[in-house]
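With chain D fixed as given, assemble chain Z onto it according to the hints.
Taken in sequence, the protein lines are chains D and Z. Just so you know, we're using the working numbering here: the first sequence kicks off at 22 and counts up by one. Just so you know, we're using the working numbering here: the second sequence kicks off at 13 and counts up by one.
Think of the hints as simulated: they come from the structure by calculation, not from any bench. A portion of the hints provided could be inaccurate.
[To be verified] When the alpha-carbon atoms are kept at most 20 Å apart in a straight line, the in silico SDA-like pairs for lysine to any residue are as follows:
no., chain 1, residue 1, chain 2, residue 2
1, Z, K69, D, L67
2, D, K122, Z, K69
3, Z, K67, D, Y121
4, Z, K15, Z, D63
5, Z, K65, D, S24
6, Z, K15, D, P61
7, D, K122, Z, Y62
8, D, K122, Z, E91
9, Z, K15, D, L28
10, Z, K15, D, I81
11, D, K122, Z, T120
12, D, K122, Z, D40
13, D, K122, Z, D50
14, D, K122, Z, T98
15, D, K122, Z, V64
16, D, K122, Z, M39
17, Z, K15, D, S24
18, Z, K15, D, L67
19, Z, K65, Z, K83
20, D, K122, Z, R56
21, D, K122, Z, E110
22, D, K79, Z, N109
23, Z, K69, D, D120
24, D, K122, Z, D108
25, D, K70, Z, N43
26, D, K70, Z, K65
27, D, K122, Z, V121
28, D, K122, Z, E29
29, D, K122, Z, E84
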Amino acid sequence: AQSVTQLDSQVPVFEEAPVELRCNYSSSVSVYLFWYVQYPNQGLQLLLKYLSGSTLVKGINGFEAEFNKSQTSFHLRKPSVHISDTAEYFCAVSQGSNDYKLSFGAGTTVTVRA
Amino acid sequence: DVKVTQSSRYLVKRTGEKVFLECVQDMDHENMFWYRQDPGLGLRLIYFSYDVKMKEKGDIPEGYSVSREKKERFSLILESASTNQTSMYLCASRTDNEQFFGPGTRLTVL
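With the rest of the complex left out, here is chain D (with noise of 0.2 Å):
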């Protein structure tokens, strides 16, 4: 089963800062990934998927996310937050197509502050 490791819990941060959540994940063949976001009291969003092709990937909300196989890293980032980002984020592996289960890191909660 692959492992997932989301390096922050708790990530506070002003708004119009930037923002990096750092994930890590143990595999030696080829995965997708993806990063999920949970608004309070809601279930989770797909924010982007990495799944072949370029290892930048954008995604909703102004988010985006750099897959780096040899450091098997899928870090997001954002560079200016608003309040509505305040949330939690969860990064997510599956090992390919034929793989219909996903393995969830424990999250980050963003907390951004005026």
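For chain Z alone, coordinates are given in the frame of chain D:
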């Protein structure tokens, strides 16, 4: 838009009760999943179903069972609820390498 609905947002049950959590998706997806979400542990897969009447255990199936009699509906059953099953339960359905999640059911077992 894909819609995944769960029967209850909040549920309170007593130890030993049989509990049913229902999930319905409206996009004819073959694959459906049940997760539980706990602080600091992320989401953990309980069971998944890759077709009607087909199911497979996930990472933490103990104390749970599932039922998938129709394609759109996937039920999670707690045969005898225990306090350590107090958690947030999330249902998802999958197509094209993406999972779509319901709003969750927060279950409290007293």
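Hint-by-hint comparison with the structure:
| no. | hint | verdict |
| --- | --- | --- |
| 1 | K69(Z) to L67(D) | violated, 24 Å |
| 2 | K122(D) to K69(Z) | holds, 11 Å |
| 3 | K67(Z) to Y121(D) | holds, 12 Å |
| 4 | K15(Z) to D63(Z) | holds, 18 Å |
| 5 | K65(Z) to S24(D) | violated, 29 Å |
| 6 | K15(Z) to P61(D) | holds, 19 Å |
| 7 | K122(D) to Y62(Z) | holds, 10 Å |
| 8 | K122(D) to E91(Z) | violated, 24 Å |
| 9 | K15(Z) to L28(D) | violated, 32 Å |
| 10 | K15(Z) to I81(D) | holds, 19 Å |
| 11 | K122(D) to T120(Z) | violated, 26 Å |
| 12 | K122(D) to D40(Z) | holds, 18 Å |
| 13 | K122(D) to D50(Z) | holds, 18 Å |
| 14 | K122(D) to T98(Z) | violated, 23 Å |
| 15 | K122(D) to V64(Z) | holds, 17 Å |
| 16 | K122(D) to M39(Z) | holds, 19 Å |
| 17 | K15(Z) to S24(D) | violated, 29 Å |
| 18 | K15(Z) to L67(D) | holds, 14 Å |
| 19 | K65(Z) to K83(Z) | holds, 9 Å |
| 20 | K122(D) to R56(Z) | holds, 10 Å |
| 21 | K122(D) to E110(Z) | holds, 10 Å |
| 22 | K79(D) to N109(Z) | holds, 17 Å |
| 23 | K69(Z) to D120(D) | holds, 14 Å |
| 24 | K122(D) to D108(Z) | holds, 13 Å |
| 25 | K70(D) to N43(Z) | holds, 19 Å |
| 26 | K70(D) to K65(Z) | violated, 30 Å |
| 27 | K122(D) to V121(Z) | violated, 28 Å |
| 28 | K122(D) to E29(Z) | violated, 30 Å |
| 29 | K122(D) to E84(Z) | holds, 19 Å |
The earlier numbered hints that this structure contradicts are 1, 5, 8, 9, 11, 14, 17, 26, 27 and 28.
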